[in-house]
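Here the protein sequences come in this chain order: X and L. The opening position of the first sequence corresponds to residue 1 in the working numbering, with each subsequent residue numbered one higher. The opening position of the second sequence corresponds to residue 92 in the working numbering, with each subsequent residue numbered one higher.
In case anyone wonders, no lab produced these hints; they're calculated from the structure. Hints should not be assumed to be uniformly reliable.
Taking beta-carbon pairs under 7 angstroms as the criterion, some of the chain X residues facing chain L (in silico) [to be verified]:
id	residue
1	K30
2	S37
3	E57
4	V58
5	H60
6	I76
7	V80
8	M86
9	I89
10	A91
So the derived list for chain L, only partly shown, Cβ under 8 angstroms to chain X, looks like this [as the list claims (entries may be wrong)]:
id	residue
11	R194
12	Q286
13	L315
14	L410
15	I414
16	L600
As a list, the in silico DSS-like pairs of lysine-lysine whose alpha-carbon atoms are at most 30 angstroms apart [unchecked claim]:
id	chain 1	residue 1	chain 2	residue 2
17	L	K538	L	K122
18	L	K204	L	K256
19	L	K594	L	K650
20	X	K30	L	K256
21	L	K549	L	K538
22	L	K650	X	K30
Where a beta carbon is used, it is the ideal one built from N, C-alpha and C, also for glycine.
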Amino acid sequence: MTDTADTRSHMPLGLAQRGYTGVIQHLSAKEAGSALSDVELESRLIELGFVEGARVEVLHEGLVGRDPIAVRVDNITIAVRRREAMAIIVA
Amino acid sequence: MELPLLHLALVGTPNSGKTSLFNALTGSRQKVANYPGVTVERKEGFFVTPLGRQVSLVDLPGTYSLRGRSPDEEITRDFVLGKASGETMPDLVLCVADSTNLRLTIRLLLELKRTGRPMILVLNMFDIASRRGITVDVGRLAKELGVPVVTSIAVRKGGTADLLKLTDETAAKLAAEPRENSWRALSVSELRATQREADRIIADCVSLPASPDTWTARIDAIVLHPVGGLIVLALILFVMFQAVFAWAQPLMELLNSGFEALGELVQATLPAGLLQSFLQNGVISGVGSVIVFLPQIIIIFLFILLLEDFGYMARAAFLMDRIMGGAGLHGRAFIPLLSSFACAIPGIMATRVIDNKRDRLTTILIAPLMTCSARIPVYTLIISAFIPARDVWGFINLQGLVMFGLYAAGIISALVVSFLIKFFMLRDYAPAPFMLELPDYKMPRLKSIAIGIYTRAKMFLVRAGTTIFSMMVLIWFLASFPQPPAGSTEPAIDFSLAAMIGKALEPLLAPVGFNWQIAVALIPGMAAREVAVAALGTVYAIEGGKEAADQIGHVLATKWSLATALSMLAWYIFAPQCASTLAVIRRETGSWTWMGVTFTYMLVLAYAASLVTYNVAVALGAG
């Protein structure tokens, strides 16, 4: 990660590798392809602390397909599948 | 003056330490039941405040919001709003927060405030927060939130003193100003705004240290390692099953000799006859042979409760999510399935954490394949009678290894069944999301664990005292009547009703190597699996006559072939022999069909497994 937060481009958290750190820019449930409706997915993400401005760090990955991921969101850790993490746009 | 009963409700996010606070406040004065019409566990406890106020405290299911997206969360919402049928609206709501992690609870509290219910915010686990260098300006937080705030350390003696004092003070001022309920479901933008507001308040009142909990990070580096983590998980499960077998042994032998001594005492003091036979063969040997397994049930619950309190269960779900996904299961299914090792009933009830209906149904259908504690008596009895207690490779107990194999057989068949369900029945399946908080590790507290084990042990004993006891009376009756004609030389049981029923069923069960005594034991075993052991105890005790004092295991070792014993073990991996589990499946799925499906598929599997096991064993010379 040589880029600084200011210059690097936005990407979905679902593509981030272990060790990635960034800040949530916005939520975009439409892009996730989750089984949940957009409203439901966004509500649940917010309820678990995924809001704009929160610092995130990918701490752990699962064995199969590096999925799910354990994400540090400010000071709590949330396990989420990559598919749903696609809705979280970070930089 | 007698003060009226004060109704308190405990609300909080999952992992907020709600249960340990509930245990600290109420101790063992707890009542566990169900809310009417739904299978959500209702936990109520009682305590008295320093001013002598009687308090009823209801521990509501954990939730992140009042949206109510599962039956549990709906209960929490309806209870707080006073809409839950047959429930009193709480006079005061205790909103519990983990002091090390306030973000989600403060947002929940801001939403709760709209209901207009009087509220206290309890900053629980305050000692851990202080140790980590987190400081909270409690006065300012109370002012910003507009509700009284108090700190507590549920796990320490006296750690709830401030909370009790504040409860008295707040209760005295209640009813002064009834407030309007202005709550309605929040839209996404309102939710976001509420979280922002919560974050602002926290930024103003709480100062966080730069570094997170280093212990959790260090443990997770191993425990959540993609490969290492799975090895750790396998090791934990292996130790658990070895412990269930090895640690419990001395205690079980003690209980066993106790019941034997009791039986002999009855034999010595009472005149020979029906009453003596009823007490000795029906009550003592029947109920006793089930109670003997209490140590094993305590050990399995000890492990489950320890892992839960420690914070490991959520990690296990994380590790297993994709692996179970291959078999068509959701990561969240891991916890219900693991609970099913204790008993399928709480396991099936715990499937409510799975929001997706299909994921939930699959989990319910396979939960009874997990080896529940009621099978332990059957397994233990047969293993100790037929499998030599020697070590293999120097350190692994062979009996423990067989036990582990039986558990593994249950797990593997559950995965296969789940895969088949996904493949044949639920084809257009879209994977439901897996989102779970991984709480920081916490040292499990003895008192909380002790209360948890106590409630479960009590449930087991109550069952032994009611269901099993009444079944035993029935079995004793069937095995004792009609009495043999005077002067007959054959064992008395050969003339009994039990023998008639058993012999009628024998042709059906002969291909799997079961004799008529087993057939008799299987019928009451429908009520609960462990009853089969008690029933065998009674049947053989009555048959054995004078040598009845002999241990049931020794009797079996002489009466059964190894092939029959192995066939019985195979039968019990699958057999749907638990009326309560079937009843819970009907209730949870709301359909007789799924209950029927479960019963049928398990019975077919049981018969097939026994058939194969018996014939292979006979062919190998174990007949």
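Each hint, compared with the structure:
no.: 1; hint: K30; result: violated, 13 angstroms
no.: 2; hint: S37; result: violated, 11 angstroms
no.: 3; hint: E57; result: violated, 10 angstroms
no.: 4; hint: V58; result: violated, 12 angstroms
no.: 5; hint: H60; result: holds, 4 angstroms
no.: 6; hint: I76; result: holds, 5 angstroms
no.: 7; hint: V80; result: holds, 5 angstroms
no.: 8; hint: M86; result: violated, 11 angstroms
no.: 9; hint: I89; result: violated, 14 angstroms
no.: 10; hint: A91; result: violated, 19 angstroms
no.: 11; hint: R194; result: holds, 5 angstroms
no.: 12; hint: Q286; result: holds, 5 angstroms
no.: 13; hint: L315; result: holds, 4 angstroms
no.: 14; hint: L410; result: holds, 7 angstroms
no.: 15; hint: I414; result: holds, 6 angstroms
no.: 16; hint: L600; result: violated, 43 angstroms
no.: 17; hint: K538(L) with K122(L); result: holds, 17 angstroms
no.: 18; hint: K204(L) with K256(L); result: holds, 22 angstroms
no.: 19; hint: K594(L) with K650(L); result: holds, 16 angstroms
no.: 20; hint: K30(X) with K256(L); result: violated, 50 angstroms
no.: 21; hint: K549(L) with K538(L); result: holds, 16 angstroms
no.: 22; hint: K650(L) with K30(X); result: violated, 67 angstroms
In this structure, the earlier hints numbered 1, 2, 3, 4, 8, 9, 10, 16, 20, 22 are contradicted, and the remaining ones agree with it.
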